[in-house]
Every structure is written in C-alpha cells, then in structure tokens.
Amino acid sequence: KAGVTQTPRYLIKTRGQQVTLSCSPISGHRSVSWYQQTPGQGLQFLFEYFSETQRNKGNFPGRFSGRQFSNSRSEMNVSTLELGDSALYLCASSLGPEVPEAFFGQGTRLTVV
Amino acid sequence: KNQVEQSPQSLIILEGKNCTLQCNYTVSPFSNLRWYKQDTGRGPVSLTIMTFSENTKSNGRYTATLDADTKQSSLHITASQLSDSASYICVVSPNTNAGKSTFGDGTTLTVKP
Numbered sequence: 062k063a064g065v066t067q068t069p070r071y072l073i074k075t076r077g078q079q080v081t082l083s084c085s086p087i088s089g090h091r092s093v094s095w096y097q098q099t100p101g102q103g104l105q106f107l108f109e110y111f112s113e114t115q116r117n118k119g120n121f122p123g124r125f126s127g128r129q130f131s132n133s134r135s136e137m138n139v140s141t142l143e144l145g146d147s148a149l150y151l152c153a154s155s156l157g158p159e160v161p162e163a164f165f166g167q168g169t170r171l172t173v174v
Numbered sequence: 006k007n008q009v010e011q012s013p014q015s016l017i018i019l020e021g022k023n024c025t026l027q028c029n030y031t032v033s034p035f036s037n038l039r040w041y042k043q044d045t046g047r048g049p050v051s052l053t054i055m056t057f058s059e060n061t062k063s064n065g066r067y068t069a070t071l072d073a074d075t076k077q078s079s080l081h082i083t084a085s086q087l088s089d090s091a092s093y094i095c096v097v098s099p100n101t102n103a104g105k106s107t108f109g110d111g112t113t114l115t116v117k118p
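Protein sequences appear in the order of chains Z and B. Here this note's numbering is used: the first residue of the first sequence is 62, the next is one more, and so on. Here this note's numbering is used: the first residue of the second sequence is 6, the next is one more, and so on.
Please keep in mind that the hints were generated in silico from the structure rather than gathered at the bench. There's no promise every hint is true.
Derived DSS-like pairs (lysine-lysine); straight-line CA-CA distance at most 27 Å [what the hints assert, rightly or not]:
| no. | chain 1 | residue 1 | chain 2 | residue 2 |
| --- | --- | --- | --- | --- |
| 1 | B | 76 | B | 105 |
| 2 | B | 62 | Z | 118 |
| 3 | Z | 118 | B | 105 |
| 4 | B | 117 | B | 6 |
| 5 | B | 22 | B | 105 |
| 6 | B | 62 | B | 22 |
Distance windows between CB atoms, simulated [as the list claims (entries may be wrong)]:
| no. | chain 1 | residue 1 | chain 2 | residue 2 | range |
| --- | --- | --- | --- | --- | --- |
| 7 | B | 8 | Z | 138 | 24 to 32 Å |
| 8 | Z | 128 | B | 74 | 38 to 46 Å |
| 9 | B | 7 | Z | 138 | 38 to 46 Å |
Using N, Cα and C, we set each Cβ at its ideal position, and we do this for glycine too.
So that you can see chain Z by itself, here it is in the shape it has in the complex:
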C-alpha cells in the first residue's frame, strides 16, 4: 500500500515568486492536512481538507492557500514568497476528519533565496 506522496521533495525559489506543492494521500484516505515545520517553530498547522472542502485553517497569511481535488489529492500554494517561508512542508492524510491517526508524507523542503 503506497504511502503519502509529496512532490517535489526539494524546491528552491526566489523571493517574490510563487510555489505549488502537491500531496497524494494514501488510497482511500479523504482527509488531508498541511503543516509547516521550521527549526524554531516546530510543526505549525496550515489547513485541513475533506471532500474538497477546507475544514480548518491555521494562523497563516492569505498568501498560503490550498485546495483538494475530487480524487482527494491536495495542493498548497504560497504566493509572493518570503525568506521566512523556507521550511519543510508536510502533508498528512487520514481516512476522515474523525479518525485521529494520520500518516505523514516525506515532506517538501522549500528554500527561498
């Protein structure tokens, strides 16, 4: 059974650019959550999607957005990149929002220069 797949694994972008990250959940999982992880802040919740609807959103600026497709795959977009956006972005999937066990992907390492 394939795990959560995140692409790309590594990304280098310039300040002001925008970026799109992709997450394919485990087959059958319909809930996808996104997190930002930095050395100084730990894991910070970005947003959660279920059945193509955003259920929750963390305390991030509007430059951070996401969506979920009918096949449960999800994308997150960051516009007008800032140096502080450099982080490991993690995606987690679960069977549904009522199921606490979540499986994480390997993450996308974004570096903004």
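We have chain Z already, so just place chain B on it with the hints.
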C-alpha cells in the same frame, strides 16, 4: 491557551540504555494524545495513539503512558538502538478536528554507540 510542553529538549544516551520522554499538556477538553517519531528530513511516523480511557499503549520497544488527571504523558524507550536517534513529537487534540491539535516542540534523542 492550549499548550504542549515536552522535556527534555534534547537527550543523549548510550546504545542499549532505556530512556523516558515527558509530555505535559493543558489542552482541554481532551480527545487523544499521539506520539510521533521523526527522523531528520523525513515525515513524522506515528508510534502510539491514546484516548482518555487508555493509560498505557505499547509499540515494540516504545511504551507510552497517559495520566489524564495530571495531564501528563511519557514515552519510554527500552533497550535503545542507534536507529532510535530522532525527534519525538507529542500531539494533543481536544477533539478529532485536526485543526485544533496542539504540537509539542519535540525531544531530540541521540543514541550513541
């Protein structure tokens, strides 16, 4: 304010020794507490999930305990191995809503030969 505090921040032990990591939380109402292991540059992997009614749960050499009255949890690692070197993250949820989960900053464990 919901908080999860983990201690120690970092720990170095010799291979074969046991260790215990602590997690104290103020999250309320409580739904579940999860321990994750995160290798450097990788996504977190679930070790245990405990609900209010559970006070002990094991996963191989990992044993988690929960005292819902004192709002404390511990993760005990037995007969440590070099591969146990990782960050261990405690996550507490007041309900099954992923957006409400509170993450600890993690304990970095280093196992030396």
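Agreement of residue 76/B and residue 105/B with the hint, judged by alpha carbon distance not exceeding 27 Å: holds (17 Å)
Range hint compliance [Cβ, residue 7/B to residue 138/Z, 38 to 46 Å]: violated (28 Å)
Satisfaction of hint between residue 118/Z and residue 62/B, Cα-Cα up to 27 Å: violated (31 Å)
Holds or violated: residue 62/B to residue 22/B, with C-alpha atoms at most 27 Å apart: holds (20 Å)
Range hint 38 to 46 Å (beta carbons of residue 128/Z and residue 74/B) holds or violated: holds (42 Å)
Straight-line alpha-carbon gap residue 22/B to residue 105/B, limit 27 Å: violated (36 Å)
Cβ separation of residue 8/B and residue 138/Z, checked against the hinted range 24 to 32 Å: holds (30 Å)
Straight-line alpha-carbon gap residue 117/B to residue 6/B, limit 27 Å: Violated. Residue 117/B to residue 6/B sits at ~37 Å, over the 27 Å cutoff.
Pair hint residue 118/Z and residue 105/B, alpha-carbon separation not exceeding 27 Å: Cα-Cα ~10 Å, so holds.
Checked against the numbered hints above, the structure violates hints 2, 4, 5 and 9; every other hint is satisfied.
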